[in-house]
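Student: Fit chain V to the supplied structure of chain P, relying on the hints for placement.
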Amino acid sequence: MPANVTLQDVDRVAELAHLELTQDESGRMLHDLNAILDYIAQLNELDTAHIAPLAQVSELEGTAGSNVLRDDVSQPCLDRFTVMKEAPETDGVFFKVPKVIER
Amino acid sequence: MVTGSIAEPIVQKPRTVAALKCDIAAGRTKAAGLAASYFERIDALNPRLNVYLSLTRDRALEQAARIDEIAARGDPLPPLAGIPVGIKDVLVMRGAPATAGSKILEGYHPPYDATVVARLEAAGAVLLGKLNCDEFAMGSSNENSAFGPVRNPHDLERVPGGSSGGSAAAVAANLAVATLGSDTGGSIRQPASFCGVVGVLPTYGRVSRYGLIAFASSLDRVGPFAANVRDAATLLGVIAGHDPNDATSSPAPVPDYAAESDKPVDGLRIGIPAEYFGEGLDPEVRAAIGQGIAALEAAGCKTMPVSLPHTRYAIPAYYLVATAEASANLARFDGVRYGYRSPASETLSAMYRHSRDEGFGAEVKRRILLGTYALSAGYYDAYYLKAQKVRRLLAEEFLRAFADVDAIVTPTAPTPAFKLGEKTGDPLAMYLADIYTVTASLAGICGVTVPCGKTPAGLPIGMQVLARHFNESTAFRVARAVEAVREAS
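Those protein sequences? They're chains P and V, same order as listed. With our numbering as the guide, the letters of the first sequence map in order to residues 1 to 103. With our numbering as the guide, the letters of the second sequence map in order to residues 1 to 489.
Everything labelled a hint here was simulated from the structure, so no lab data went into it. Please note: incorrect hints may appear among the correct ones.
Quick partial rundown of chain V residues pointing at chain P, CB under 10 Å, derived from the structure [unchecked claim]: (1) Leu45; (2) Pro47; (3) Pro110; (4) Phe147; (5) Pro244; (6) Tyr319; (7) Gly339; (8) His354; (9) Glu396; (10) Leu442.
Computed list of chain V residues with no C-beta within reach of chain P, every gap over 10 Å [said to hold, decoys possible]: (11) Ala287; (12) Lys302; (13) Thr311; (14) Arg391; (15) Gly444.
Covered stretches of chain V (in silico footprint by chain P; criterion: 3 or more residues with CB under 8 Å from a CB of chain P, positions within the stretch not fixed) [to be verified]: (16) 322-336; (17) 344-353; (18) 369-379.
Glycine included, every Cβ here is placed at the ideal spot set by N, Cα and C.
Extracted from the complex, chain P is given alone in its bound form (with noise of 0.2 Å):
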């Protein structure tokens, strides 16, 4: 089954990750998604069913890795003045931004 990003589906997922694009950029990234997703399709050929998701590969048996934990006590960390000299946009205090309501 071939895969079928629309234009809409484009948009709509550029609006979820805060990306703005243009008609060109749109255009260009349907025909990608859809030729990358055909290829990715060959993975259903593979059944899966009973085989369990692998996040991340400490859970692998026998890998030697393993769940690092720590106390949880408070540490020093960068200080106010380091963290705000590089932002953007600072009253020193706070990071300023442009109006968060719109209307």
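Tutor: Just chain V now, kept in the frame of chain P:
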């Protein structure tokens, strides 16, 4: 002195870490003078190779002066004393620009050092600067950098591979003795192969990622490049080990990899998977890897076929897992806390969209869209979950193979370095450049790529040596055996 035509190769082998350290200890070489000579070479050649994005001269020269003081006092020198090292620009260095090859981090000067950066410096390394790469490490040719492609020192019309193209090319052109890169689907191994240097994919959890700008967190690894196996092993020994700042870093003890790399290989069982030698493998690459395998047999290794039948599903599974994770990781670039903000947006949501649209390049947008699509309602099971199940099949298949063999050898890439622009129009063709590397990424195992010959036109070919989790020592030994035969011939 720089002479010759524009396209003439710019290849030079750096001196070994051991030789340089010996000279620095004896006072024959000053670390400060060595650093200055590297900056001179960079100033002369970087305009043609585009390897470095920024230099950290002051920090390097201060460190070199410290090393020279230790040497002058006759005190013991740390393992990388005075060694000039370059850092891929996805790892942060305090106060130095960190771009990740993207415009969206414009103006960002991170206020802290990545753990691997701090460890290199504590071991005496002199850090020269930040190396060019594909934007957010997404690419196989370095052509996705917002700051222009790196050129392959062996042929300036060809790509260095990606995404750590700058890290590989810097070592090939002797613009650093060693470098760090990152590997999510092949981004250390494939450029090392294209540039004729050694590249290391450490086991997932072996090296801290604290201070690595994240691409796909269940896959991302940091590893070294060097001109020879022993130096690469020395660097891994310095950067490996548990870091309280990275909960995925393992507390497993760190062996003396450099010493391990010298151990003989006779009696080692080497697996050859037919799935890596099928359709699409360049005949010149096939021939070179065949010679490498013959060399291992001559050194006393026992070679045998192993079966990895799910190999062909690795690229589709990888591009779902990696893009899904990337779409989440790259959500942080929003123009609020650091980096680029699009000017004059009326509302917050418009500011997010404009900053990200203007800041990200096409490949990054493509992957964010693919990842967001794979995670979105109605497609999660069909794509993301399916890919994670196939990931388990691939990982368990490797574990089964490693019950019978100590290492697996394959070509690192199906072809030698391709021409600039050759694949930029076709994202899928570019993705297939990673066909032999994404498998180890998904399985979390380790590997080393080692130069294994050249095409008649002089382009390097790399052999990939894979070993089971936390068994870097074996991968180094096998790689060293291949290297030793080539040195002798």
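Student: Which numbered hints turn out to be false for this structure?
Tutor: Numbers 1, 2, 4, 14, 15, in rising order.
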